[in-house]
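Protein chains in written order, with our numbering: chain W, 28 to 499; chain H, 29 to 367.
Simulated pairs of lysine to aspartate or glutamate, EDC-like, Cα-Cα distance not exceeding 20 Å:
1. W/297 x H/160
2. W/88 x H/301
3. W/199 x H/341
4. H/348 x W/57
5. W/88 x H/299
6. H/207 x W/49
7. H/348 x W/62
8. W/85 x H/299
9. W/301 x H/160
10. H/206 x W/50
11. H/188 x W/50
12. H/310 x W/49
13. H/168 x W/303
14. H/348 x W/87
15. H/327 x W/57
16. W/93 x H/341
17. H/153 x W/228
18. H/348 x W/310
19. H/298 x W/87
20. H/167 x W/303
21. H/202 x W/42
22. H/348 x W/83
23. H/310 x W/57
24. W/65 x H/367
25. H/78 x H/122
Worth flagging that the hints you see were computed from the coordinates, not collected in a lab.
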Amino acid sequence: MSNKNIKNILALAKELRWQIGDDYHDNLTESIYADASKIVEDAVTKDKGKSKFRLDTKIDKIVTSKIWGFPIMLFILGVVLWLTIIGANYPSSLLAELLLDNIHPFLKNLGTSIGFPWWLNGFLFDGVYLAVAWVIAVMLPPMAIFFPLFTLLEDFGYLPRVAFNMDALFKKSGAHGKQALTMSMGFGCNAAGVVATRIIDSPRERLIAIITNNFSLCNGRWPTQILLATIFIGAVVPKTYSSFASLSAVIGIAVLGIFFMFFFSWALSKTVLKGEVSTFNLELPPYRPPVFWKTIYTSLIDRTLIVLWRAILFAAPAGAVIWLISHIYIGTESIASWTVHSLDGFGFLLGLNGVILLAYIVAIPANEIVIPTILMLTVLVTGISGGEGAGVMFELDSVTGTADILRAGGWTLLTAVNVMLFSLLHNPCSTTIYTIYKETNSMKWTLIASILPLVAGFIVCFLVAQIWRILV
Amino acid sequence: MNYNPYIALLLFFGISLILFLVFRPKKGLFFLFKKTYKLNHKIAIEDILKLLYHNQTNNNSLTANDITNNLNYSNSLIIDSIEKMMDSDLISLEGDTVKLTNSGNEYSLRIIRAHRLWEKYLSEKTGFHHKEWHEIAEKKEHELTVEDTNKLSVLLGNPKFDPHGDPIPTSTGKMALKKGTPLSNLKVGSVGRIILIEDNPEIIYKQILAENIHINSIVRVIENNTTRIVFHSEGEKFVLAPIVAGNITISVLEKKEIDEENITRLVSLKENETATIIGLSKESRGENRRRLLDLGFVKGATIQIDLLNPLGDPKAFLIKGTSIALRKKQASKILIKKD
Numbered sequence: 028m029s030n031k032n033i034k035n036i037l038a039l040a041k042e043l044r045w046q047i048g049d050d051y052h053d054n055l056t057e058s059i060y061a062d063a064s065k066i067v068e069d070a071v072t073k074d075k076g077k078s079k080f081r082l083d084t085k086i087d088k089i090v091t092s093k094i095w096g097f098p099i100m101l102f103i104l105g106v107v108l109w110l111t112i113i114g115a116n117y118p119s120s121l122l123a124e125l126l127l128d129n130i131h132p133f134l135k136n137l138g139t140s141i142g143f144p145w146w147l148n149g150f151l152f153d154g155v156y157l158a159v160a161w162v163i164a165v166m167l168p169p170m171a172i173f174f175p176l177f178t179l180l181e182d183f184g185y186l187p188r189v190a191f192n193m194d195a196l197f198k199k200s201g202a203h204g205k206q207a208l209t210m211s212m213g214f215g216c217n218a219a220g221v222v223a224t225r226i227i228d229s230p231r232e233r234l235i236a237i238i239t240n241n242f243s244l245c246n247g248r249w250p251t252q253i254l255l256a257t258i259f260i261g262a263v264v265p266k267t268y269s270s271f272a273s274l275s276a277v278i279g280i281a282v283l284g285i286f287f288m289f290f291f292s293w294a295l296s297k298t299v300l301k302g303e304v305s306t307f308n309l310e311l312p313p314y315r316p317p318v319f320w321k322t323i324y325t326s327l328i329d330r331t332l333i334v335l336w337r338a339i340l341f342a343a344p345a346g347a348v349i350w351l352i353s354h355i356y357i358g359t360e361s362i363a364s365w366t367v368h369s370l371d372g373f374g375f376l377l378g379l380n381g382v383i384l385l386a387y388i389v390a391i392p393a394n395e396i397v398i399p400t401i402l403m404l405t406v407l408v409t410g411i412s413g414g415e416g417a418g419v420m421f422e423l424d425s426v427t428g429t430a431d432i433l434r435a436g437g438w439t440l441l442t443a444v445n446v447m448l449f450s451l452l453h454n455p456c457s458t459t460i461y462t463i464y465k466e467t468n469s470m471k472w473t474l475i476a477s478i479l480p481l482v483a484g485f486i487v488c489f490l491v492a493q494i495w496r497i498l499v
Numbered sequence: 029m030n031y032n033p034y035i036a037l038l039l040f041f042g043i044s045l046i047l048f049l050v051f052r053p054k055k056g057l058f059f060l061f062k063k064t065y066k067l068n069h070k071i072a073i074e075d076i077l078k079l080l081y082h083n084q085t086n087n088n089s090l091t092a093n094d095i096t097n098n099l100n101y102s103n104s105l106i107i108d109s110i111e112k113m114m115d116s117d118l119i120s121l122e123g124d125t126v127k128l129t130n131s132g133n134e135y136s137l138r139i140i141r142a143h144r145l146w147e148k149y150l151s152e153k154t155g156f157h158h159k160e161w162h163e164i165a166e167k168k169e170h171e172l173t174v175e176d177t178n179k180l181s182v183l184l185g186n187p188k189f190d191p192h193g194d195p196i197p198t199s200t201g202k203m204a205l206k207k208g209t210p211l212s213n214l215k216v217g218s219v220g221r222i223i224l225i226e227d228n229p230e231i232i233y234k235q236i237l238a239e240n241i242h243i244n245s246i247v248r249v250i251e252n253n254t255t256r257i258v259f260h261s262e263g264e265k266f267v268l269a270p271i272v273a274g275n276i277t278i279s280v281l282e283k284k285e286i287d288e289e290n291i292t293r294l295v296s297l298k299e300n301e302t303a304t305i306i307g308l309s310k311e312s313r314g315e316n317r318r319r320l321l322d323l324g325f326v327k328g329a330t331i332q333i334d335l336l337n338p339l340g341d342p343k344a345f346l347i348k349g350t351s352i353a354l355r356k357k358q359a360s361k362i363l364i365k366k367d
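Chain H extracted, bound-state conformation (with noise of 0.2 Å):
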């Protein structure tokens, strides 16, 4: 037998560098071939007619060639497809700006339902983790009937806003109104209610995430110029970049609607002091939010630290006469007011 042992071990690793090669995630062969196998005409036209839709809610208006270089697709796809769309008359041009017509606009706000509604279903019902929402979504919007789409919005009890925030818009194509400024815009003082957080582009969107900002939080502008924005929100401190917090929408609140001002985390609660809660943070979603409700995790409840952790994490609570341990992420997601 011609029995090496290192030509063993070299075989062994140069088959699992190969297996490594093809079905690495994302960039794997094996991926990279389902991708392009996948690619057809149906998902760039449902991405050029995002784009469109976007842009034009903003009021910008765009050419064939701002579609090229926005779209991450092959020129001659992208053409191909927009001959395609004028054909069935969901675009029109005018001059050199490309515009969607009713029926464009139509098909657009479905693919929309679609994703936001699907975003809504990986909030509520998996475990998927926040940052990967959106990049599913994007590939399942394309895939989603309008049945699909019909049932799924009758599963999650017909949802108004996606989980960041953005109105999904119903089967008829109705969207609820957000009036809103962007968190760059506010004056130093100001006091509003986080209403939006824009999942586009998506580096900002992670970061905002990282910075555990959650959706549906009072915030108070403590710092306001070209470099950073200083902001107070659930008795903790954020500072961002400009750029950053213009994809944050605030709804600014009148002086005689703050009521809600002294309103911090679980996390923050000391051993022997003892505090009210006011509710759950729209951040605690699905599953986790039912059980926290089950255990007594409710508006009015007294709750103090009965044990800490040799670890220090995760503490006890002292909550209608039991003992729960909750993790750190959890119990950033209560708010409680200290007595």
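Chain W on its own, in the form it takes in the complex (with noise of 0.2 Å):
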């Protein structure tokens, strides 16, 4: 055939292509569909009578009423998070006498007879171990408690059905029902809630809900809103009702945190996401009863090792940094000294100070070294007695103790409410940064994600340490 003809051919194609117009396509799609359904409706028979639907029925009526369908649903969720804070703790204090009290001193008594220079030592032992074990130490239980739980409610079938509950009020900031499922895996950690917003198939909202994840308190924040809600909110009522206060406050921030996170999706939402594509849909699956140990197992290792392994990889360097900027001088200064003081300005500003935004820096892999950090920053630059050393983090066992130290390095109930505040709006650490970049494989958006909850972060800080002032 000529090249010609061919053309000609070509061109009719085209022609004829556009004149059988847009519907072409979709009937063709159809006809397939109704073809398909009718051969399954010929070949296969069904068993009508079908009883294991009824029970599925049953509970679907009950989770989703509306008498019983929210307060199922919140029982549940205190359920799991009381279970993996307070289930937490003896696991937690285990890890941390083995790992800190006793391979700690045993690693550096180890260094020093095998002839390590106190600083090889010091950078090793004090650094990089003392940071990746206080992460294994505050890190690994809580989320080997939590994962398996939610893991479990997931392959029971529940988890869909909270999101067909909770879809309404997602709907109205324009994020999607399942946003409630990856907010609440946030509660446990971040990283893990972003990579479980794979579950939402529509971009638009899979975007929201990993740009807002991290307003979710998670729980290596926990630990610190409780010790000062302890310390600084317990104080200011009777003592009577100083747990009731605390508690009320650590709760109050996760709320204000839900909040948030609804004000940044429907901002979001409405601003820079509009034009991505968005869909829904929601499958409710058939209730199962779990694989038990199966599921354990997966959510072991898929969710909880992975993430800690991800933490221990950014833990190691920080622990270098702190070790380093507090060994290391400029003039009479350490660095640590000198960025304390640089930065106790725009600290004050915000109603913190020097050693909290430095703790906040160099503690950006993991917040469950924020506290140690702090502890160890303020002694250092008051020169107060306490503590171990240069460079070394450490945590008191008495709560009075943490607060006497905290009390000498300036802290006032307004410092203590506005770290609660800067604890819960402020960037995420490096392993959620990490896995977001991972997620959405855009600069643009990891950088939205980081600078967003940290500018908000700062103006609220600002806010109330301002209003704390000409009011108090």
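From the two separate chains plus the hints, produce the assembled complex.
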């Protein structure tokens, strides 16, 4: 065939295709589906009186009912969080005793006995090892409890019903009902919450869920909140109410985080994300009894260990940095105290101080080491007695001891309130940032997700500080 | 240190106010500046061409004065542009009226093609709200080159019509024909299919969109007088002012063609009712449409409500043995016939 002929045929095909019109593709798809369902109908016999489906319907009617739907949901979330926070205490303190109180001095002695110079000994064991040990001790137990519980609920089939119940609330802020699940997962760990957004298959809603996940108070931040609330908030009310007051303060912060999550979801969907494709569908699969041991195993391997490994990778260099900035001197001052002094002015504007800001900078890899770093830096710059020496993070067993060090560092009730707010509203930890980048594959969204909460934190702390100083 | 919380707060709100004034969407100084900077003769010329083209197809003739009144540009810019257009032989003067030459006609079709293809693109491949399509395309039409539009057309499968029913010219300027009557001229009792929802003027277009009137749906006129037009479509009742209804074009159906009269939208399905799916509305587009097809919302499937929601929306529907939750907006774009 000559070239000219082929060209004519192609032109004709193009012309015909145009004439057939837009419906052609749809009609074709529909007829294929229709044929397929016809074949299924003819070939497959169904047992219509199946009783299995009725139990499902009964459960569904209860968990999505107007009266019971929301109480059941809150109750289950409450139990999961309670089990996580209370249940993690014992293994955490065991791990801390083992890794921090026994292995740490052992390693240091070992280093000295094989003739390490003091700086190598300090760098390796006071810096790198201590940060890693801290992250493992604080992070591992809650995650090992939280994720299996969550995965069990997921496997049972209950979580899609939560998304179903909550969707109307999330729709108002332009988000997907499944964001209720990724948000709850964020209470365990933001990095895991970001990974969990894969269940949202609509691009716009998924980005919203990723960017706002950091507003869920994660496991690494609960202890900070509880400690500060116990020391400072509990102290302003009569002793009988103090535990109640500090508990309400912590819950208040978590609820404030949910409020910010809704607000930024709404703002994002109306501005930068409005051009992204948005769809909705939610399958409600039948209930099945979870395969208990398999679930526990996979959730430990897939979620807990992967997240922990990433955290360790990021914590090790953070430990090194913390040790180095306290030991490298510019003139007569260490880098740490020099930075603390230069950040003090900005910190004061936010109702914080230089120590806190520096701690949040070096503790970007893990929220778990914020309090130990703050304590170490406070001792370093104020020169009071206590602690383990420059560059060695520590925590005290007694709450009053911690309170004394913080007060000596110039902390007031305002500082505590603002640190609690800032702990909720600051950039995600580097594990989460890295996960966001891997999930979105975009510098732009990673940057927005990292900076947005930080700016929110600056503004909120600033406003609280000024109004506090005017009123109090 | 001269610190005072009042001054700090004042500074903060001052800076916020300035940032707001500069970056406020559409009206902010930044955007105004960008707009005036980008405003040039090319855009003005292309807008004049479009205006002339639309009026020519409606058999209106325009004078240079009409053009200045109809477009939101300064007089000097328009007069400048008209001179340039005369020089490059895009328009000619016949007495007072300005006419498109052949090359002017071709040029304006190219702009219209870019505009309608971009609207189609926005409807199929992005998540922008349908109220915004027109406005975005108004800007984009001036930026697309001929090669861009051809590529876009291939990407979209060479569509014949844009999302609200206007024909898209081909690269050679051919357009599908659409014959219809304005809804306001229809007699009581007549039945027809909506083939075009005119997107100009924008105020009326947005009003029609807000009513949830869907393109390609069948309408039956119930009442038609000088104050209002009442019609049924897809099981819902709509009331419009004649001026609004005039922007909806209907292709009237003969009696024997009418076989889809009991079609309603899935939203109207009640608990314990079953229905057969007739199809997806033309308003369900792009990724949304494909998802629904994938999940089995296709012609002939039977459907019933599986679960009601404690907050009312979404509802779960039982289809092909699976329970799928859909929001109200999606359910209103699935057409059913109740059993």
